[in-house]
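Listed in order, the protein sequences are those of chains A and B.
In terms of this note's numbering, the first sequence has 66 at position 66, counting the first letter as 1, and numbering is strictly consecutive.
In terms of this note's numbering, the second sequence has 1879 at position 879, counting the first letter as 1, and numbering is strictly consecutive.
Keep in mind the hints are simulated off the structure, nothing from the lab.
Zero decoy hints are in this set.
Simulated restraints, written as ranges between beta carbons of each label pair:
1) H18(A) - P1314(B): 35 to 43 Å
2) H1402(B) - H18(A): 21 to 29 Å
3) A1046(B) - K50(A): 53 to 61 Å
4) E1297(B) - D15(A): 37 to 45 Å
5) D49(A) - E1297(B): 20 to 28 Å
6) I65(A) - T1615(B): 36 to 44 Å
7) G1394(B) - D15(A): 31 to 39 Å
8) E1157(B) - T48(A): 38 to 46 Å
9) N1332(B) - K50(A): 46 to 54 Å
Just so it is clear, CB atoms sit at the ideal spot from N, CA and C, and this is done for glycine as well.
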Amino acid sequence: MTNIALGKKLAERLDLEHMSEGERTAVLERFGILIIESAVGRLLLALTDKKVEELELYLNVHQDIEDVFEYLLNNYPVFEDIVEEEIVALQGEAAAVIS
Amino acid sequence: MDRQSQSPKSGSEEMIFSNGDCLEVNTDHYNERACIQQNIDEIRVAVEVGEMDRKEAAAQIEALERQIKELDSLGDLDGSTDFQELSFEEKAVRAQGGIDDESFSEMVDLIHSKDAEVLENKNKESVDYGWLHPDNIRRHWQNEDSLKVKVKRSSGEVEDDWYATGSYVSDSDGALIAIAVKTLEDGTFIRKEIPLSKLVELNQSSDSSKDVESADLNKNQIIDTPIEGAGQETGGSDEPPEGPLRGGPGVSPDGPPDSPEDEVEKDPERAEYLRLKREFRAAQREYYDALETDYSERGAIQKMFGLGRDSLSPEVKVIYDKFMEANKAFHNFAQDSGMYQKVMERAASINKVDFVPEDANKFVAERHVLTPAERRLELQTIQMPERIRDLKDGIVSKIKKHPKAALAVGGLLAILNPAAVAAGATTGLLGKKFYIDAKQANQDQVRLTVLDKVGISDDFEKLEAEYFETVRQTHDAKVRTKMAAVGAAMAAGGAYESIGGESAVEEVVTDTEIDLDQIRVDIKNSDLVIDDVSNGDQELRFGDKSIQEKIQLNEIEFTPEEKVEFDEKLGLGSSEDVISRSEQVEVAADLGEVEALPETREGWYSVEKGDNLTTILFDSIKEKLSSGEIKLPEGVSREGLSHYIYQSFPEMTSASGVEPRLDVEAWKELGVESGNPHLIRPGEQINVDALIEKMWGATPGSSGVEVSTDVVTDVSTTDSLSPNPPDELPQTQVEAEAIGMTSEVHLDNAWNQEIPENPLNVDGNMHAETDENWLKDGVPIDEGQEAVVKEDLADGMVEVSAVEGGLRQVQIVSADQILTERGALLKTLVTEHEGNGLSFVKQYDSLYGYQPLMTSEMEKLVVAGEPGVEIIEQVQEAIYSAYKEGQINLPAERTYYVERHPSALFSFVEENAKELTNNKMSAWFGGSDGLDLGSDKWRELGFKSGNPQVILPGDQIKMGELIKLIMENASERIGQSGSKVSQI
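Here chain A stands alone, though its shape is the one from the complex (with noise of 0.2 Å):
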């Protein structure tokens, strides 16, 4: 069993406020596409082949949609649980780790 100390936000582990912002941003991008990725494989993963498919076909034919992660928030509602669980998961390795 791991536990983890509670009380610390990610932030303030990494205090994040008086990094310079050029880092801070890309390290929370960092933080955002680690999450995002391992969160669409997940739905991916839990879709049947034909939703795959129409996934698929959607995105081909509308190649310009401008924000992929508010689509599959819209039209995908347990995206946003998993998107979730994502961060719980990564915040718990973050605080096991960083205190």
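Add chain B to chain A, keeping to what the hints say.
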């Protein structure tokens, strides 16, 4: 010698210039010239003895001879060629080949003397060399300091002990090929050609597995002002320098670095650092290897995909834990000892940039969190079906092009407290609602949203407060309720203090530990499917099952043409959007999980998201009553049914100390897997018939709580009100809860589909027979507790001196005065300090305090309570209406918010009268305060139950009085806050 013109073969070939025996051809390396020649001879022999086809042999010999030719073009490595005639790369090979120091120095002199000739790429300025710029490498060589690079071998293994030569050739397409060299233990020189772009990518990517410290710990780096104890790392640094060298060439070193032995002697701290790092690396490798093996062997990627610990197999979890321990130990030491600071300071020096100590944390995040997670995701991705993998990569690629989403998600990850997320309080807040709503707000140019500010804010506390305030402002009551829970959890981390609260539960929760295994379970709370966390391959992760059960796609908006195309392409016969239950069962059966997804049996109820046991039971009884399947027991009315439920199963109330009728095992047998009737989960099968049977067999009053089944006013469309005397009403909150009055609110609301929602007519009078003793003109007021109208306040103002730093009593003023003050306040807030937003309004309240104002009309306001509607909703609406009509004023902060969204007042009520929310998490609010009124006072305010959570039909709530108390409580809190500020 123009190496470009020779265009040697590009890419993956590696050549060994060995003095040893001829090695196997076509393995990792090509042999040296003699070896190749030997193989040619062997091929010829094979042809002669008939073991090899002549045509094939000829082709192979031709290829081998080409290799010999190329080797020859490199010059005679035995020393017969004039050293000065060698290319820079060749000199590098010689230099790294174990030649003695004297020879090395001689070579360096030669390089210096031929400075202008060592760079062979004439168009180097137009090529993106990254930190492998020839100028950079040349300077290293000229300073007797070669430059290490990471090289991926043909086997796929990445080695970190290669050296950049600064020499480049081009392939047939004109792409630059970099040449790297290394020396094997036996003195063999190895040369490898790598496309420059790949070499740069491998060595320059933001992959956080690269050790920044290698930039200053490797003797091969440009050393500007060496850190103490810096030198060749013995710990097997496996990464080259990251960004620090991108800035271009550095300057000469001050001197040679210490040897590893020296540094250990001189700096035990560094020795410990290296030891921990080695352990970290070893544990990391073991973890990755275990992951890779596990993923490839288990195969069922759906069960494994995702971040976090719970998707790991039990075997890998052990190794993961070991890695995390090593990870933590290394991190803690590196941070505590200041080593990371030194490393980053050094890197900044090399990069010629200002040193920002906090920027070291980016590296910390990358090395200790991001990289392991990314690597794991990479290993998982490999196991994905190709089609899914491609689709995922395509989607992620699109998202990367519009990084706002990534920034938003990353930002929310950072600003939310683990206590909040682990408590499950964030569910529903991080995704669609918040992201899209916030984005829409931004598109409407209302203001910068929290998400917009994540990347630019320098005050995360403020940002966090704004985040929660923003979410509070949503219309959705469910979100607001969850928000309260978030706030409670946030208070645990002290975050709530930033918006004026106190952290009453901070001590309780801050040091709380949470089992990582349970995180996903916890976050799901009771809203979502919760299964046991997987302990092996035979179970789906609960999250996945949840997904299976919840996948519901909204209509995707295809144009008609697209739809036709789509249908034709897919041959759609059905528009079913979800994985059907039968499919789930089928999948589950494949996984041996049939029992986990049973079909709903007759008389059993399948729990769905949002259900609670009382509702389930209530609805089932109601249905059976309607169908005539059962009849109400004697003495039990429909209106008293909910009480009958609680009477039968007192453990279903929220009261403490009651004797449960059924024990844990009995509840489990009925399908409540937790054994706790308050905790049911979607997917569970509840034996409702059995419950009803137990109820109907129950004797009212025999279950430990004596409750009259007629305790609630018996209301029907035609019947008179039940003449229950007031002394039959619950006298305490515990008693009220014991009979389930809290839930009664909700249940009665559902029940009231068949009866008037409110016994009052539009004129506000109760047109029904009443008991004169406790009902008067429809307003149930105990004797001597008539609504008090303070006539002396009715016409004018009451001057009350403000209590400095504390409570300020409400001043009764005219509406004009309130509106005038509000106008001035808004003008100040909006026109002069809009950009400062939340921080300014907080300062405003702290500086000036809050003098509550109210009109006499408002003070007298009495409204009919609405059973079934939460009191907090009613109070919030009343405050909002009063505010808009100029009947009351609000603190500056609330004024600021309420101008943007009415529901901002929800939290205002919650924070200043926590008795008005039935959310238990909210009740724990560190920043919430209560009115601390006794039941008599609540009755005086119009709640006949003596409990503001329990609104009974006919309740006439003195809303003006109640709001007045809330406003005064707010003034006291703000006053205290202001005092704190002034003390600071």
